[in-house]
Amino acid sequence: MTNDLALQAIDLVKYFPTGASKILGRPTNSVRAVDGVSLTVQKGTTLGIVGESGCGKSTLARLVTRLIDPTSGSVLLDGVDITTLSGSDLRKTRRKLQMIFQDPYSSLNPRHSIGQIISQPLAIQHIVPKGQEMARTQELMERVGLNPEHYNRYPHEFSGGQRQRIGIARALALEPTVIVADEPVSALDVSIQAQILNLLENLQKELGLSYVFIAHDLSVVRHIADQVAVMYLGKVVEIGPAADVYSRPAHPYTMALLSAVPVARPSERGNGHRIRLVGDVPSPIDPPSGCRFRTRCWKATDLCAQQEPVLAPDEAGRVVACHFPNEVPVSLGIRPS
Amino acid sequence: MSNTSVLSVRNLSVAFATADGDVIAVDKLSFDLALGETLGIVGESGSGKSVTASSIMRLNNSSSATTTGEILLEGTNILTASEDEVRSIRGKDVAMIFQDPLSALNPYYTVGHQIAEAYEVHHHGVDKSVVRSLVLDMMTKVGIPNPEKRIDEYPHQFSGGMRQRIVIAIALINQPKVLIADEPTTALDVTVQAQILDLMKSLQLEFNMAIILITHDLGVIAEVADNVLVMYAGRIVETSSVSALFAEPVHPYAFGLLGAVTSLEASDRGQLDTIAGSPPSLISLPSGCSFHPRCEFVEFGNGKCVSVVPELRSIGTLGSSTACHLSDDVIVSLGRKAARA
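Heads up: the sequence lines are chains A and B, in that order. When you line the first sequence up against full-length UniProt numbering, it's residues 1 to 337, in that order. When you line the second sequence up against full-length UniProt numbering, it's residues 1 to 341, in that order.
Check the hints yourself; a few may be wrong.
Ranges between beta-carbon positions, derived for each pair [as the list claims (entries may be wrong)]:
1) A:Arg95 x B:Ala276: 44 to 54 angstroms
2) B:Gln271 x A:Gly19: 46 to 56 angstroms
3) A:Gly79 x B:His113: 56 to 66 angstroms
For the record, the hints were derived by calculation from the structure and aren't laboratory data. None of these values were measured; they are calculated from a predicted model. Even for Gly, the Cβ is constructed at its ideal location relative to N, Cα and C.
Chain A with its partners taken away, still in its complex shape (with noise of 0.2 angstroms):
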């Protein structure tokens, strides 16, 4: 393993226990909301994550920042498994990981001021000398952009897109090399989104932090990420950097949820280059067999069912989970027969 990964997740799996058999209660299946799931990041920059509803990010996000431990796999944080790790070990890692949700008024609690919320981690984990937690918190605050006079001021106070401002202070305030954003941008107005998505990238300039950036908007993804992972129930059925996974999908899936963003030009419209996919998504408790998305892929044949396509390198060298990638150069204009 290089020195150069910030991150790397070892085929990750996370069951929950659902249903209940009738005599002893014992849980009778399970969702299998995370399957499987291999990923690493570089130093430095971003790795989008984005799937529809269900497809397993948010579990995802919170295995590699163990907020839920792992049915199987493991997470490593600078070659460390933090999977295993408990105690003072533990204490010492999540410091180095840190992250952002995706609704600035549940995350924030409206009790305490805002120095209170950004100082608290600095106060659980030692790191500041007592007496200067105050000078480092205001420095956090203008470092995200907010007035460091409004120490003392409460979440409510502040509008969603501060409030964001806010959760960002809080989580870069114990100097994390990695932060996991869940959703960050998605709660806010278009132009808040914006400021909000410089924001995070100038942070990561200066800072050199690595991001795990999920979201379900593709258009923010392609902005922000430099490697993305396309995940369809519980699994990453593509992976590549964000230049290639846009301009030649290769996963019939990526190409189908590519082709269904609204894109922002009147002129375009109509001219017969949507792939519409049908049904919805199958259920995560009994997924289908094979590969999961055959329910709903124009391409699928037998194979499909009876074989699981793993993740590997196609002839084009995108890693893609299919049995039958698109060819190159893929062309979004031809409508599926």
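Fit chain B to the given chain A structure using the hints.
Here is chain B on its own, set in the frame of chain A:
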């Protein structure tokens, strides 16, 4: 205005009394809507989009809201109509679909019951079996597979996209002339959103409805709207055809919105253009143009931006209107630049 418009809104203002003072949620809004037309309303949180929608349904006539102006549905002023008249319009001539399909449906009743109820409210004494076949027909039209079985199921048995189809079926069972869709796809995944937008377009053709589509997503606007109102802090700042909005926006706020949109093709990963600051409080609106504290072109406004509220005026050759003090030439050239960026 032209006689073809099915809905005319004239000088609509809505104010809410709050403990901190009056909130003017909508300020002198006027527009016309023709049958078969899709009017997009864009704007950020608090710009008055949803209040406009609920006024047309006369849903915010509570003791705290003061609504003035006219909302003419084929000549009938909804704002002054009697409660009985409004009840006969609401859900029949004007119907609404909401953002969150789960909270728009009653979990205790089957979807078939809920669709049928919307019909029976306006058509008394129709035989149950006739209603049921109408409901089945409607469920087929909105693309619900196996309607004979699903008509007797409950909302929780449906996925998000299917629930939104049920909500659409409820709205369309009476073949309304005007459909108000308030963020109809915001809660849905992108592939499902595409399905629902397609469905709305095809049903619009079939029923020749007018649609008011409220959204914050410019991509959705580009996809389905014919004409667009851009709202900011309760006022219309720009009206344009959809192609004009994207080719030649005519208000600095619209320039900002276009610049802030992330694109699938962004390859250089440059900084996004942002609009500085955040939307103003509706209780203490900035003087003059509400947008002036965030506008980067204030210095071109001859000082009027800070003191005079700009009126909507027509501008350019594409039939757009703007509420901006800048001179026509300046706006048009800035707008073309913003559209190219």
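**Item:** Gln271 (chain B) paired with Gly19 (chain A), Cβ distance criterion 46 to 56 angstroms
**Value:** About 49 angstroms separates the Cβ atoms of Gln271 (chain B) and Gly19 (chain A), which means 46 to 56 angstroms holds.
**Supplied distance hint 56 to 66 angstroms, evaluated on CB atoms of Gly79 (chain A) and His113 (chain B)** = holds (60 angstroms)
**Request:** For Arg95 (chain A) and Ala276 (chain B), compare the CB-CB distance with the range 44 to 54 angstroms and indicate the outcome.
**Result:** violated (34 angstroms)
Checked against the numbered hints listed earlier, the structure breaks hint 1 alone; every other hint is satisfied.
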